[in-house]
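*Asks:* Okay, here's what each chain looks like letter by letter:
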Amino acid sequence: MKFERFGAGIIKGMTVTIRHLLRHPTVNQYPEQRLNVSRRIRGNELVWSRARCTGCATCAKACPQGAIELVTAANPANNKYEVETYRVDTGYCIQCGLCVEACPFDALFMGYSYERAKYKRGEVIQTNDELLESAERPASGYYHPEIAEKLPAQTLLVERITEKRQKK
Amino acid sequence: MAIVDLTFNSRLPMQVVPPDWPGNNYWWHWLFFTVVLIAFVLMMVMGAIYIERRGLGRMQSRLGPNRTGPFGLLQPVADAVKVLLKENIVPDSADKVVHWLAPVVAFAPVVMIFAVVPFQNGALLADLNIGILYIVAISSVSTVGVFMAGWSSGNKYSLLGAMRNMAAVVSYELPLVLSIVGVVLAAGSLSLNQIVLTQNIPFILLQPLGFLIFFAAACAEINRSPFDLMEADSEIVAGFHTEYSGMKFAMFYLVEYAEAIAMSAIITTLFLGGWRGPWLPPWLWFIIKTLIVFFVMVWTRTTLPRVRIDQLMALAWKFLLPLALINLFITAIQVLVWPQALPWLAVIINIAVMFVLVIIWSRLFRLGWGRVEV
Amino acid sequence: MTTEQLMTLKTEPFVVNIGPVHPSTHGVYRMRVTLDGEVVLDIEPVFGYLHRGIEKLAEERTYTGFIPLTDRLDYMSAMSNNLGYCLAVEKLAGIKVPERAEYLRVIIAELQRIANHCIAVGAMLNDAGAFFTPFLYLFREREKIYDLFEMLCGQRLTYNYMRIGGVGQDIPAEFLPALAKFIQKIRRFISEYEFFLKQNEILLARAKGVGVLPKELAINCGISGPVARASGIKWDLRKADPYSIYDRFEFDIPTGENGDCYDRYRVRIEEMTQSLRIIEQASKQIPGGPIRADVPHLIRPPAGEVYAHIEAPKGELGFYIVSDNSIAPYRCHVRPTSLINLAALRQMVRGWKVADLIIIFGSIDITMGEVDR
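Residue numbers (the working numbering), protein chains in the order written: chain A, 1 to 168; chain B, 1 to 374; chain C, 1 to 373.
With the rest of the complex left out, here is chain A (with noise of 0.2 angstroms):
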């Protein structure tokens, strides 16, 4: 192995490296910034939709971890066969998102926050009303199209750092 070139290869190295001094690093810090998350993100948790799931159970069907347990029973008290519980172990949860693309009355979100992590092993396990849409657990727009538009725009590390650089 022969030092070909003499250190010309080294000089070449230390004068990208010390452009880089100059730069603008690519950072972000964290608690005081926070970046746009996709609008499409399939984040923590799972939001359901009272109002729409009718408990055929595909989604239960189409869970490859068999992380919802869905429960129906007739309720005498307004006459109607309904969902009477709705469990989602979002500790199973592998985050997939096939549940929501199966559910064919559109009854189901992933969750747009990433910041929902539980203190207690018991609070992961979530059930009925806990599973609704809420300001904590807003809805993202993942197989939902009506939803993403609402949703603000990503941030794109392409756009947003710029290199300070001449243009050629």
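Simulated from the structure, these hints should not be mistaken for laboratory data.
Each residue gets a CB set at the ideal place from its N, CA and C atoms; glycine is no exception.
Don't take every hint at face value.
[Said to hold, decoys possible] So the derived label-pair ranges between C-beta atoms look like this: (1) C:R32 to A:E69: 39 to 49 angstroms; (2) A:P152 to C:K284: 22 to 32 angstroms; (3) A:T85 to C:A293: 35 to 45 angstroms; (4) A:R23 to B:V97: 44 to 54 angstroms; (5) C:G94 to A:P104: 19 to 29 angstroms.
Assemble chains B and C onto chain A, guided by the hints.
*Replies:* Chains B and C alone, transformed into the frame defined by chain A:
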């Protein structure tokens, strides 16, 4: 012949001021400078750690630490506190006394190097007239500390790492010292204060090849990238300081940065003109130049991959040593026959000689072995 | 002592364990290395630390439900795994994919190839000792690709985007402009990166001539992908056995000559440039239309067996599916590219030093998810 006639810059424009600050009694001077040196080393190491982490971060297109204190300035303090609070684990099969003594033996010589480095004209602890020889001798003692650390850990991988380190340091001593001799010939004295005073033209211009060799050899001596195979996730082992934790590990960490600052300070004194400079206080120039040289070390660390151990040795013995000898030879000839009135022509000729030598020599030597038949 | 006498000093080889948890192995891979001083005599690989039983799980998931699990095989290039599996099922069931979906698949597969090579090159240089700098530069580019993929399917690593019969969702309006901007920026970045590292002497000294894989050995071991192309074998499934619509695009296949680590690095960088060519051609020609064939969610392919292979970024990734006309495959076997590429490691490494072992291992570019499945 008087020693003055043999140098490039025969007229000393400034008088040497004997070290005697704040005056009348040597003991005050000694006490003051001892305190100043220890504080200086610790402060500069903290500054060095900060510059390295932020500089490394910015060159890698990210920020360095910026949460502890404004702009992350308290990060070295946080590191020190963390390391002080850790448990001090000594392995069972370790040699206790040597294990305890090794960081001390590694650290003490590094602070002692600063005793002869001039911060200002006459502002040094002791103006030894064998200054640079003292530095070369003392800096080799810290290698003994490293070897003690490797031996006393009772771990064969640490021993391996320590022996590799010793081999590398011993190999790189030769080009280091030979390039220093070039500077000594140009300045005419071994005393560091005199060397600075004779630099009307900084010696980096008069001895460019010497500077390159010294820089490479210094990086190898202090185990910095690209020669840091002794410590940075060194394939199997973590090097000689595997079995150290707590404050002893902090001492080794400190030794690495303090040696880097020491080498930067020596480079500044020998090649860049020490404390000389216009309209700022001289000690400030010294600090600025030291930090610039340290930044160049950080810059090479960011850019270059590591060399292998046999390539390291080949670089020392086959590339740097012959070049250092040739440099010495050429410097000696120039000192004898070059007329005093044309130093700038010597600068141009030396730079041209450097390019020619590096280009020619790099075609002639082979960097390390290839595959061994098994 | 003379050199001859020194060389015949009796030394004893000892076995060192480069353990499963180690900063420079690419995943949980353990090697028991027999060393003689610094020289590697032999290695014995031990893997299986990441075995999750994906092939057995395939027999319990439906055909569509298995797609998220294929993401987790070679998690560095998940879209290619999805693509391979979907191609296999479509071949078995005889499903024709619409044109727009084909073009989208090509664009995405090539983007994934660029992303994978970013990590491969970065990890290899990280093993060589360049303290994360080239790695972080390449990760910046991979972040841009993550953004594009996130725009499509909402996730950054486990995409679950391809479906049997097409792709999952249509591209949003801002995808193609962002893609054009990305292509422009990454071209400039690759040229800057070449300037940074192509002639670096230390990299040349570490990687040139190191870990040579001879051509016959590569063919005999069944090596495929950039490793084989660097050894001089001009074999790329996109040209040799074109799947999808690759025969409509114009691109070259970079090959190396010596088969050393440096050639593998060069081949990967050149492949990134060629992928950019394909993406540009595809994004200009993309037609409108449906993005998925009319396939039920619980698909029941006819009974039979099929083997479909694609040129994944790491090599030839193949899926062998046996079906018995039920909603789940009877048997699904994955031809693991990384495992087969790993077979030649022992021959490549013998006689080199420990530091070379690490860089050779990095240059083969394996992902333990695929080795262990």
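*Asks:* Taking the earlier hints as the rules, which of them does this structure contradict?
*Replies:* Violated hints: none at all, because every hint is consistent with the structure.
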